[in-house]
Amino acid sequence: MLFFENKGTFNQHMTKMPLSNRSSTKYVNMAACVSENDSDKKLEFFLKVPFPSEREAAIALQSLSPDPEPRKGGITKNLDVTGHTLSVRWTADEARILRVSVSSFLDHLSLVMETLDAFGPPVSQ
Amino acid sequence: MNFPINFIQAFSKAILAVVMVLQPASVRSNMTVVIGFEGSANKIGVGIIRDGEVLSNPRRTYITPPGQGFLPGETAKHHRSVILTVLQEALDEAGLKAEDIDCVAYTKGPGMGAPLVTVAIVARTVAQLWGKPLLGVNHCIGHIEMGRLITNAQNPTVLYVSGGNTQVIAYSERRYRIFGETIDIAVGNCLDRFARVIKISNDPSPGYNIEQMAKKGTKYIELPYTVKGMDVSFSGILSYIEDAAHKMLSTSQCTPEDLCFSLQETVFAMLVEITERAMAHCGSQEVLIVGGVGCNLRLQEMMGVMCKERGARLFATDESFCIDNGAMIAQAGWEMFCSGHVTELSDSWITQRYRTDEVEVTWRD
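Just so you know, the protein sequences line up as chains A and B, in that order.
FYI, the UniProt record's numbering numbers position 68 of the first sequence as 68, with every residue one higher than the one before it.
FYI, the UniProt record's numbering numbers position 112 of the second sequence as 112, with every residue one higher than the one before it.
Some clues are possibly wrong.
[To be verified] Which chain A residues face chain B? A few, computed with CB under 8 angstroms, are given here: (1) S63; (2) V112; (3) V123; (4) Q125.
Note that these hints are calculated values from the structure, not bench results.
Every residue, glycine too, gets a C-beta built ideally from N, C-alpha and C.
Please build the complete structure, drawing on both the sequences and the hints.
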């Protein structure tokens, strides 16, 4: 699935990850890139999550962006939407801080997707 | 072709009548329906209120084994696993669909971070899916507004006591002002942590089990009584009784029931004192007890004695509304929504600290 390589090389892994429990499970393609930027000595992690529509990607962004990171320092997280893809970018000082944040985000993302499944589709605006 | 004017008017009225009949009930009768999401501690609840009527209020509680408290990560995981089921239950029990809802309210704070985020995420998502406005509610105000709705108390001195909060509140000039509070831990926290020491079951709640055991207590153990002016302190009593429990139970000087009894008598007397002090300041003739600890019948009894001496009235609610629930958030949300409040998505972040007097109470004079 997803794993780290912090040898300063750029690794790209395409994985299929089920994020929904419903029988009509959609497997989400996630492209995760991990690199260690030697000059900054910071870890970076990228996540791209495609959604079935632009609207649902925008909904996910609005649901996942308002809350600040619980940890004050040592981690930054940026969310953005392009088309129907939600992209997330982390920078962190330490691997364990990064792991906690990414893990937590994936739980919340999963919850958004389950909610979209159970209570969607969005009403027409 | 020219139709007679009467015919056109009659035809328009007929069309209008048909259109009105086809509208959902809330539009037809001008009613406001609010759904509320609550999950700041170990209870996760979703409730629906329509103009002061509770249409549904399902809830689940995360119960830990005896001797253990609930931690934020595990509590959030519990909430994540049941929230969508509880949401569907709330809609089904109320017999409503998404389009019948006018506003989505949720707990903005105070409370535990991880569970608050879980609930806020679902609230934000359904608000966007259904195209409804969002409203972040203060948990304490949720308790107060539910208490006011259920008991119809006019302008009470409110004692808000739970596992996370202990405050004496009175309304004055557009704010719920805190007259007295705990300077360290909440009274419910003191009771819950004591329950862990003597390994009482957490089902249905540690406080309930302490109350049952206290009824069988016969010996009163002297415990430190800490009222500081308008405020109270519980961490000293807790460390004292934890210590006393180890010493006295091992030498059989008293039973766990005696300790439960003594602890309740002491902490509840402290709460009655600070409530009475606030009543004297405000010249108030009503007391409303809200929050999980408010279910405790001994506390209600002791407060009742004080109220009777002052010629005041005591109001309390039953456990479905005392204990954290979704409908209380819906009710506070209803008041706020009807007086024009709305929370923008970008401002909908949750916060672990949220003072009761931070909110402008625009729905009261």
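Hint check:
Because the beta carbon of A/S63 sits about 4 angstroms from the nearest beta carbon in chain B, less than 8 angstroms, this interface hint is met. This hint holds: A/V112 has a C-beta 6 angstroms from the nearest C-beta of chain B, less than the 8 angstroms allowed. Annotation: A/V123 was flagged as interfacial toward chain B, and the flag holds, the nearest CB pair being 5 angstroms apart, inside 8 angstroms. The interface hint given for A/Q125 is met, as the beta carbon of that residue sits about 7 angstroms from the closest beta carbon of chain B, less than 8 angstroms.
In the structure shown, no violation is registered for any of the earlier numbered hints.
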